[in-house]
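Hey, can you work out the whole structure from these sequences and the hints?
Residue-level listing of the chains:
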Amino acid sequence: AQRVTQPEKLLSVFKGAPVELKCNYSYSGSPELFWYVQYSRQRLQLLLRHISRESIKGFTADLNKGETSFHLKKPFAQEEDSAMYYCALSPGLNTDKLIFGTGTRLQVFP
Amino acid sequence: DAGVIQSPRHEVTEMGQEVTLRCKPISGHNSLFWYRQTMMRGLELLIYFNNNVPIDDSGMPEDRFSAKMPNASFSTLKIQPSEPRDSAVYFCASSLEGPKLFFGSGTQLSVL
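Residue numbers (the numbering used here), protein chains in the order written: chain A, 1 to 110; chain B, 1 to 112.
Calculated from the structure, these hints are not laboratory results.
Computed from a prediction, not measured in an experiment: that's the story for all the values here.
Check the hints yourself; a few may be wrong.
Unchecked claim - Only some residues are given here: those of chain A computed to face chain B with a beta carbon under 10 Å:
#1 Phe34
#2 Leu44
#3 Leu46
#4 Ser82
#5 Tyr86
#6 Ser90
#7 Gly103
As the list claims (entries may be wrong) - Here are the computed lysine-lysine pairs in the DSS-like style, where the Cα-Cα straight-line distance is at most 25 Å:
#8 Lys65(A) - Lys15(A)
#9 Lys78(B) - Lys68(B)
#10 Lys9(A) - Lys57(A)
#11 Lys24(B) - Lys68(B)
#12 Lys73(A) - Lys100(B)
#13 Lys22(A) - Lys100(B)
#14 Lys100(B) - Lys65(A)
#15 Lys57(A) - Lys100(B)
#16 Lys9(A) - Lys100(B)
C-beta: ideal position from N, C-alpha, C; glycine also.
Written out as structure tokens, the structure reads:
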């Protein structure tokens, strides 16, 4: 079965602290992994995807196939990072289907 | 482009009533998705269309739910009859390049 697990519903940190939002997945094939973000009063939007290997707004995520993880990291959190973060998996294989985790709310305090 | 447009933004109805949610995808996008968001289960994929054809409806909860896409610029999600447990935020999203989705603002549904 295809599943995405985000074990933390809420993560609270102070500004300047490192952040790691956890994501684990279960899928027997070679998935594509994504992070989507929803800021307050904004639409859910793509933050980054593992195949791009890019850093967006200081965030990075590395796909670890051995641990079936795709944790989102940022070395120094900013207040504007406060949002809801969703990890998502696409089975690939000519499908656009995206399976989301339950989300983690990140709160960054001043 | 105004992005994905959903209507209504809020819907309050009584148990047993029919509810119809509407979505206009981004022009030119060829895939359309309906998701349901709840606190307990997060974002659940209900159904998705490619070139107006339903591809995967395995997430549709039961026969009370139905979705149509009569043309490339319009889709509906219908619940008949509605139940209190259907209360959630329903999102529509569209995409052009694989699973890079553009989401609408959602419809907050409350079934009393």
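Hint check: 10 Å Cβ-Cβ cutoff, Leu44(A) to chain B:
Since the shortest Cβ distance to chain B is 4 Å, the answer is holds.
Assess, step by step, whether the Cα of Lys100(B) is no farther than 25 Å from the Cα of Lys65(A), and give holds or violated.
holds, 22 Å
Are Lys22(A) and Lys100(B) close enough, with their CA atoms no more than 25 Å apart?
Holds, at roughly 21 Å.
Lys57(A) and Lys100(B) were given as a pair; does the straight-line alpha-carbon distance stay at or below 25 Å?
Status holds; Cα separation ~18 Å.
Hinted contact Phe34(A) with chain B - closest CB pair below 10 Å
OK, holds: Phe34(A) within 10 Å of chain B, min 7 Å.
Against chain B, with CB atoms and a cut of 10 Å, does the hint on Ser82(A) hold up?
For Ser82(A), the interface hint is violated, since the closest Cβ of chain B sits about 18 Å away, which is over 10 Å.
Against chain B, with CB atoms and a cut of 10 Å, does the hint on Ser90(A) hold up?
holds, 4 Å
If you draw a straight line from the CA of Lys73(A) to the CA of Lys100(B), is it 25 Å or shorter?
The hint holds at about 21 Å.
Given the hint that Lys78(B) pairs with Lys68(B), test it: the Cα-Cα distance must not exceed 25 Å.
holds, 9 Å
Holds or violated: Lys9(A) with Lys57(A), Cα cutoff 25 Å?
Distance of about 22 Å is within 25 Å: holds.
Close enough to count: is the Cβ of Gly103(A) nearer than 10 Å to one in chain B?
holds, 5 Å
Are the Cα atoms of Lys24(B) and Lys68(B) separated by 25 Å or less?
This hinted pair holds, its Cα atoms lying about 12 Å apart.
Taken one by one, the earlier hints fail for this structure at numbers 4, 8, listed in ascending order.
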